[in-house]
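Participant: If you read the protein sequences in the order shown, they are chains A and B.
Per my numbering: the first sequence = residues 80 to 282.
Per my numbering: the second sequence = residues 14 to 239.
It should be emphasised that the hints constitute simulated quantities derived from the structure, not laboratory data.
For each residue, glycine too, the CB sits at the ideal point set by N, CA and C.
Calculated lysine-lysine pairs in the DSBU-like style (CA-CA distance at most 35 Å, straight line):
#: 1; chain 1: A; residue 1: Lys142; chain 2: A; residue 2: Lys164
#: 2; chain 1: B; residue 1: Lys93; chain 2: A; residue 2: Lys164
#: 3; chain 1: A; residue 1: Lys269; chain 2: A; residue 2: Lys142
#: 4; chain 1: A; residue 1: Lys142; chain 2: B; residue 2: Lys93
Part of the chain B face toward chain A, derived, beta carbon under 8 Å:
#: 5; residue: Ala31
#: 6; residue: Glu39
#: 7; residue: Ala68
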Amino acid sequence: MQDASRDKSDKRTARDGAAAGGQPRSAPADWAALMARVARGDRAAFAEVFRHFAPRVKAYLVKSGAVPALAEDCMQDVMATVWRKAAQFDPARASLAAWIFTIARNRRIDLLRRERRPEAEDLAWGPQAAPEAAEALALQQDAARLARALSDLPEAQRQVIVQAYFGDLSHAQIAARTGLPLGTIKSRTKLALDRLRHAMGRE
Amino acid sequence: MTPRPAPRHHPDAALLMAHAAGTLPEAFSLVVATHVSLCDTCRVELAAHEETGGALLEMMAEGGSGRHEAAMDQDGVLEKVLERAQALPEAAPPAPPAPGTDLPEPLAAYVGGGMDAIPWRRVGGGIRQAVLETGPDASARLLYIPGGRAVPDHGHRGLELTLVLSGAFSDSEDRFGPGDLELATPELEHTPVAEPGAPCICLAATDAPLRFTGLLPRLAQRLMGI
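This is chain B alone, in the form it adopts within the complex:
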């Protein structure tokens, strides 16, 4: 991928920690992992949170459900584990990123390719979206917003993460360019507007269904399940 300026808007510490802990819904983890792929600052932060996980693992009392288990036949279990390891597929060294992929790796895995492979669907007003398949606790979608176009007004009942992949948008809070992640809580009623020029493509995840306030978008919501 071509070098880009470092992102200016990052996930907060609680979000990175939850990603490290593995407690985020899959859709949110996808957004965080994609941001981290583009952000060396957060890569370091994430590694520190994973070290915290390691330190807590180290502090675990043995056995968990009872001391007597510490006296279990550990050598027997060890043998079983080694047998099991033989049955695992050969551990390949991590594959180098596929050349020419214009999406960060974690996202490319969900799309099944690069930007060209995104299965866009039109949802009106020149806006397109592609819903990605994730676990049920939150949903993730790619959004294509033509330059100068506003994403319809919407409020949220949950947490919404929006990561810019190309182009840029602005809302009442700030400007968000490639790699920037906006974290919107239920209190924020914001109206992102794509910058004039190139379309803004972003990855958005929410744990609540979007509520558009205009009539047409609401119809679209019912018809398209957005």
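Chain A extracted, bound-state conformation:
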């Protein structure tokens, strides 16, 4: 990719990183279109996905306890999988961020805990039903709303969820780290989830 377009893409990424949870990076359909190109072997499209997600995947792994060298190696594995399995990404079933999150999560379990990851049986989707554009759009819009709801949560509640996802901590361990009694953590998690649900239902 040429320098000019890379600069533009870098700036956009940096701005989004700063405005955590502000406006989503791009129109919901963008990633789906890019991934369709990636699935056809388009390296320029993959470069855009890579610039946005590679640093985030690495940050996720570091935050979950991987030392930087391992996180870098693991991130490269995750992004290689994204390139290789691009055709399996279905925008009617997950946002790109969620899809990449599940790949990174599974790789983390494999590498850091050396355990298998049991996954639910896939639904039979019938004879290659074409992804419905409307369905995909609805799902991507829901995902964007969820991201906004999450960033609108009070800080204390958001932190409980952040730690649940990235800390590899049980409720008991979160309680030990924050000094909060276990019951508080459980009710806060519930409160945070209720508020998220509420925000999703109303918007």
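For chain A, the structure is supplied; the task is to place chain B on it using the hints.
Facilitator: Just chain B now, with coordinates in the frame of chain A:
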């Protein structure tokens, strides 16, 4: 698999969230994944929790361990990643479920087949079990309880998940049929009893060793490692 009625007892939100986050011990994740395979309600819930993971990933500040890394040679890394991708095995489309498997897929993978392939061991009282190989933080086993038979009294020091695969059991809490998941905390001293008739086959996982209160079961516990 034959259609069944929708399960009535589900994992709670915290358990589904932890499964989505990937922080549960493997044995618990196996139970949750098996339940989700049988429960469309929880499948949708799980997808929502995975979207939360995606939203949090999106919110991650760049670099993690330092801003300077954002300035790393990204194109160089990109090339390395593409090279690495070439070395990965060909990404096969997800395989369709093997026909005739009477166990949900995630469980069949641990058993190495269907119900017929379960390596049962007798543990007394007509009860059989098969321990599944998982990570060390919790253990998973399949239990075969003849109709009308009570599972010996036991208390727990940890969390216990029990998922019914066929038949049904009842305890002081409720009735649990195929696909139902019971979540028992250390406070619950329960005595599940299999319904008369067909045996009850369930998948159970716990993060504490079971403590049977009767003498014989305790001996069995020592001998069989249950």
